[in-house]
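Residue numbers (the UniProt record's numbering): 1 to 882.
Just so you know, the hints here were simulated from the structure itself, not pulled from any lab data.
Just so it is clear, the structure is predicted and the values come from calculations on it, not from any experiment.
Among these hints, one or two may not hold up.
Stated by the list, open to error - Pair by pair, the computed Cβ-Cβ distance ranges are:
#1 R431 - R511: 26 to 34 Å
#2 A95 - F384: 45 to 53 Å
#3 Q374 - H709: 37 to 45 Å
#4 D231 - L499: 45 to 53 Å
#5 E469 - S77: 41 to 49 Å
#6 E83 - N625: 24 to 32 Å
#7 P44 - S77: 22 to 30 Å
Said to hold, decoys possible - Simulated crosslink set (DMTMM-like; lysine to aspartate or glutamate; CA at most 20 Å straight-line):
#8 K729 - E704
#9 K532 - E385
#10 K737 - D706
#11 K397 - E490
#12 K326 - D68
#13 K55 - E624
#14 K735 - E762
#15 K328 - E469
#16 K735 - E663
#17 K428 - E472
#18 K682 - E624
#19 K326 - D278
#20 K55 - E232
#21 K493 - E524
#22 K532 - E472
#23 K326 - E385
#24 K843 - E825
#25 K843 - E663
#26 K532 - E624
#27 K376 - E663
#28 K682 - D767
#29 K619 - D68
#30 K239 - E469
#31 K379 - E730
#32 K42 - D767
Cβ atoms here follow ideal geometry from the backbone N, Cα and C, with glycine treated the same way.
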Amino acid sequence: MDEENEVKKPFEVAGRSLIDLVFSWSLRNVLDRDLYKHQVTKIPKTFSTVASYMKSFIPSLIEETHSDLLSSMMALSQAPICEILTVETSKHHKALKDLFYEITVRKTRQTESNAGKYEPKVGDIFALTNIRPKCIDDLNRPGNFYLVAYVLRSKDDSSGKLPILSSKPISGEGYCWGPEIKLPQINNELTHVNFGPNRFKQIESKRETLFAVYLMNTITNVRVWNALNSDEANTNIIKNVLKVQPNSSDDENSCTICFSKQIYSPALSRKWSKMCSDLNDSQKAAVLNCISLSKCHHHNAIKLIWGPPGTGKTKTVGMSLFTLFKLKCRTLTCAPTNTAVLEVTARLLRLVNQSLNYGKYGLGDIILFGNVEQMKIDKYNDLFEVFLDTRLNILSKCLAPLSGWKHWLESLIGLLEDPQLHYMLYVKQKREKHNKGDDQDDSSSTSDDENHLLSFDEFVKKKFVYFSEQLETCMVNMYTHLPTSCISLEVVKDMITVLDLLTLIKSIMYRAGVANHRLRLLLEEYCTQILKSLRAFSVPNSNDRQTIRNLCLANACLIFSTASSSAKLHTEGMAPLEMLVIDDAAQLKECESAIPLQLPGLRHAILIGDERQLPAMVKSKISENAEFGRSLFERLVLLGHKKLLLNVQYRMHPSISMFPKQEFYNNQILDGPNVSEVSYEKSFIEGRMYGPYSFINVANGKEEFDHRHSLKNMVEVAVVYEIVSSLYKEFTRTKKKVSVGVISPYNAQVNAIQLRVRNYSEVSGKDFSVRVRSVDGFQGGEEDVIIISTVRCNWNGSVGFLSDCQRANVVLTRARYCLWILGNEATLRNSNSIWKKLILDAKKRDCFYNADDDKNLAQAIAAARLELNQTVCAAAGAEQFT
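With the hints as extra help, turn the sequences into a complete structure.
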């Protein structure tokens with residue numbers, strides 16, 4: 001479904017009450033950080049009713065929306081902007097109530113004051129103003145005006161018009177958000193806010209230039225809002241979730257009938273041993289759980305699969321989905337981000353492609369959908385074969401009545417049955433054109449550019465090649481993209497036979513000899529018989545994209561999307577789904593999981609994740625304190641819900657995994673046989689300091705704030721640069737392949753390191769690569785070598801959010817072969833955090849080193865400190881001079 005279908009009916013705005021609430025905020029409201037401080041309450045761990053469950057998230061959702069808008073307003077000077085060319089009142093416009101307009105926009109060129117080009121998208125909230133604001137105060141200066149608008153649907157391709165909902169009348173009345181009004185209390189039934197005029201100004205289109213300044217996108221928030229306020233959704237699984245109480249037995253959440261025995265289907269039993277040959281026991285148990293759940297119709301269950309770093313979570317999810325694919329169990333797979341969705345889809349697709357026996361027949365049962373630009377699907381070429389937008393484009397061409405499958409089928413049958421008739425028509429057309437002085441053939445004669453008349457044989461050969469190529473494309477596309485329930489295996493076999501016959505006929509078509517001629521006639525006769533039998537194959541009689549979309553989604557077996565995008569499946573007539581699988585479930589806010597959990601027909605849900613790594617990101621401190629970022633996975637774990645643990649890690653060298661296993665997983669994780677082999681110990685730089693695991697003490701660093709109030713430590717930046725330089729020198733000497741990841745919890749440090757090592761980033765390739773990211777940016781990632789820059793360097797042991805155990809878990813578990821941690825020993829030891837334990841452990845294991853002990857690092861530190869001192873002295877001198 002396209003984004004514009006977010007609107008249920010023409011101009012019936014989904015999530016209207018949330019948008020109205022945003023429109024009700026004055027500028028003072030928006031800039032008030034404590035606006036909802038006393039209305040947001042902590043989200044409980046247990047709930048008595050579905051209604052109380054849904055309502056508990058609403059205050060935090062409003063606060064998070066407010067915080068997002070506040071953040072955008074504070075960075076207004078960097079906001080993307082575009083020029084508005086025209087504004088027209090929509091025919092659905094209703095004064096004071098439904099302020100619908102249609103605008104056209106022109107993209108702006110990138111300038112110093114703007115972050116870049118902007119084209120309004122569905123769900124965007126933007127400020128409509130007559131200036132390019134450099135700060136918030138610009139909006140209130142005399143002669144300036146602004147209002148806030150919401151983008152309803154995508155731009156109309158033919159007219160270029162973009163439908164919007166405005167907070168104020170655009171022509172002839174007020175242009176700002178409205179006067180100070182009494183803030184409505186947060187509740188489930190938001191009352192309508194009446195807007196009063198604040199400033200008046202008539203748009204004079206010939207003299208005024210209007211701009212749209214991007215503020216935020218509300219698509220996800222609106223979808224969550226709708227899910228939390230839904231009265232007609234399927235709540236079977238949610239009701240089951242509410243039954244989970246502290247320390248409740250997992251047996252209470254299971255079906256004794258189905259979980260007392262292993263249930264295989266004939267399709268799986270023959271292949272089970274081969275399919276699971278490279279799975280360990282815990283991974284097999286997880287897959288068997290999925291099989292058992294798919295068979296259960298007596299109970300609604302929710303299962304948790306616990307996947308610590310490197311334990312093959314994605315592999316297990318892929319195999320579980322593959323078994324559900326074989327069982328024809330209609331399953332929706334969600335994840336918090338587009339990247340996570342693409343990764344799990346790619347893993348499943350590799351397994352499916354290996355199992356296909358008749359070309360790509362079977363891929364039509366798999367659908368991936370979402371926004372193609374945001375998903376950046378072009379990095380995964382194979383995924384285009386299951387991407388919904390691509391599928392709709394292909395099938396609409398195949399099903400076109402005058403240029404699709406049926407047309408080319410009948411054209412080829414007609415040519416094979418009576419080539420003489422086709423030739424006579426061709427000669428007739430050619431002569432008629434010649435008589436008119438036009439020797440050019442039309443498009444129906446396969447772009448024939450020759451001026452001479454083709455002989456009968458030449459004509460038949462050319463027509464046959466053209467018709468067969470068109471038909472071949474249609475056949476391959478149809479059995480690749482149609483669901484298997486819409487095209488039987490017998491039909492596909494006939495199509496493949498035809499493809500082989502057409503290839504054989506073309507190969508002997510240009511061979512001379514009586515025997516070849518007879519063979520060709522026999523092959524053509526046989527081919528014609530099969531082609532005629534294919535007339536019985538019933539295809540949809542419409543190539544309308546919406547009709548095809550409904551057909552594909554209704555008959556697909558596996559569907560992939562983000563949890564947010566799954567809202568598009570809440571459509572009238574959507575065929576029921578049976579299973580929900582949420583990957584990276586511990587990173588998904590519980591209120592977001594409410595979107596897919598309420599899909600029609602869902603019987604069971606499987607959540608895969610690790611609550612001991614980073615949770616979902618929350619902007620507002622108020623919402624964070626209310627546990628708004630907590631996932632359903634984590635809440636169930638806190639209540640004592642049983643988790644199925646994947647207990648073997650295959651990523652980290654044992655020296656790297658030792659501390660995380662002990663500190664975060666109570667030594668429940670085993671090292672896989674691969675990481676325990678001698679060959680897994682790799683040396684990329686000479687010296688004990690650069691072994692598999694090291695803490696490198698940078699004693700003489702200095703932490704400082706950048707202009708965005710984020711911390712950096714330029715001495716550690718210098719140390720990182722020196723290590724990366726050494727890695728590259730060794731790579732050029734040995735040609736030993738290596739991928740390097742540099743992680744820091746502070747964006748200022750990330751930016752400083754990226755700038756310093758940019759030359760090595762530019763030469764990154766398959767054999768040598770450098771990636772610098774924040775902790776959040778590295779969750780789920782892994783590299784051969786990881787360098788951690790902890791940044792903090794002070795006398796009181798202050799480490800801020802660096803002390804967070806979930807954050808520490810992520811950074812310490814990304815490396816395969818080598819993990820080198822840079823930090824100030826005194827600061828981290830005095831912090832009494834997880835980092836104190838890490839330093840004590842490193843010393844106990846003889847993995848603690850001083851950076852000054854390395855000659856190259858010592859020189860780099862000295863140079864960095866000299867530069868810092870010079871900068872400080874220069875700044876002091878300048879201040880004294882002024």
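Can you give the numbers of the hints that this structure goes against, from lowest to highest?
Hint check: 3, 5, 6, 7, 8, 9, 10, 11, 12, 15, 16, 17, 18, 26, 27, 30, 31 and 32 fail, others pass.
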